[in-house]
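Chemist: Got chain A sorted already, so can you dock chain B onto it with the hints?
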Amino acid sequence: DAMVIQNPRYQVTQFGKPVTLSCSQTLNHNVMYWYQQKSSQAPKLLFHYYDKDFNNEADTPDNFQSRRPNTSFCFLDIRSPGLGDAAMYLCATSKGPKAGGLDEQFFGPGTRLTVL
Amino acid sequence: DAKTTQPNSMESNEEEPVHLPCNHSTISGTDYIHWYRQLPSQGPEYVIHGLTSNVNNRMASLAIAEDRKSSTLILHRATLRDAAVYYCILIRARGQGAQKLVFGQGTRLTINP
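As given, the protein sequences belong to chains A and B, one line each in that order. Residue numbers are given in my numbering: position 2 of the first sequence equals residue 2, and the series is strictly consecutive. Residue numbers are given in my numbering: position 68 of the second sequence equals residue 68, and the series is strictly consecutive.
Hints are computed from structural coordinates only; laboratory data are not their basis. All of these numbers come straight from a predicted model, not from anything done at the bench. Don't take each hint at face value.
As the list claims (entries may be wrong) - When the alpha-carbon atoms are kept at most 35 Å apart in a straight line, the in silico DSBU-like pairs for lysine-lysine are as follows:
hint, chain 1, residue 1, chain 2, residue 2
1, A, Lys52, A, Lys17
2, B, Lys69, A, Lys38
3, B, Lys3, B, Lys69
4, B, Lys100, A, Lys17
5, B, Lys100, A, Lys95
6, A, Lys95, B, Lys3
7, A, Lys52, B, Lys100
8, B, Lys69, A, Lys17
Pulled out of the complex, with its shape left as it was, chain A reads as follows (with noise of 0.2 Å):
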């Protein structure tokens, strides 16, 4: 029944060691996002997909960057993880503009990210 698969859930790193997090959709989606939520924070977009066009949030840093080879698969990758990089990431999708005034999103269960 898993819609929004990420994995791993837990995934520890070491300091400027890069990391990869995965995301796959059984729901055939056009868009996937992914979002970084810190500690007591909000959920926050870095960047999505819409189909194979990357859309890249003003503020993302320049050190997370995003594979989407096929339309069931996304990748955030992490080029060189510092501390404040320590989060729980996100992975989401929606169908796109299509459905009209509702583009409901599904989220993953996430992953949380340690960075030593």
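Modeler: Then chain B, alone, in the frame of chain A:
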């Protein structure tokens, strides 16, 4: 997108109704009012949305003020499982492009047994 203002926290008792307020005084005519909630250790989930008229679904009701400058999410009989952070988000209808969620701080709802 226009901003929303919510109380930081609210508390209620199990099986009682809960009214979660949201102010959005700068809302524009094409802004939809969306509510998401985030249960502990989970990703957010959609609750309800509306434009002008009050809305009901299996999870909650949404009451929208006539001038649309405020709205209230109503949980008719709160259960312990409703303890979560509730986010009120305005989303401007666009003909194309994804609808991006801009989360404010939300309201942390505590339900007492």
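Chemist: Now look at each hint and say whether the structure bears it out.
Modeler: Against the structure, the hints:
For a cut-off of 35 Å, the pair hint linking lysine 52 of chain A to lysine 17 of chain A stands: about 27 Å separates their Cα positions. Between the alpha carbons of lysine 69 of chain B and lysine 38 of chain A the distance comes to roughly 30 Å, so the proposed pair stays at or under 35 Å and holds. A distance of roughly 11 Å separates the Cα atoms of lysine 3 of chain B and lysine 69 of chain B; the hinted pair therefore holds under the 35 Å criterion. This hinted pair checks out: lysine 100 of chain B and lysine 17 of chain A have alpha carbons roughly 30 Å apart, not beyond 35 Å.
Distance hint between lysine 100 of chain B and lysine 95 of chain A is fulfilled; the C-alpha atoms sit about 12 Å from each other, no more than 35 Å. Distance hint between lysine 95 of chain A and lysine 3 of chain B is fulfilled; the C-alpha atoms sit about 25 Å from each other, no more than 35 Å. A hinted pair counts as satisfied when its Cα atoms are at most 35 Å apart, and lysine 52 of chain A with lysine 100 of chain B qualifies at roughly 17 Å. Taking the CA atoms of lysine 69 of chain B and lysine 17 of chain A, the gap is near 47 Å; set against the 35 Å cutoff, the hint is violated.
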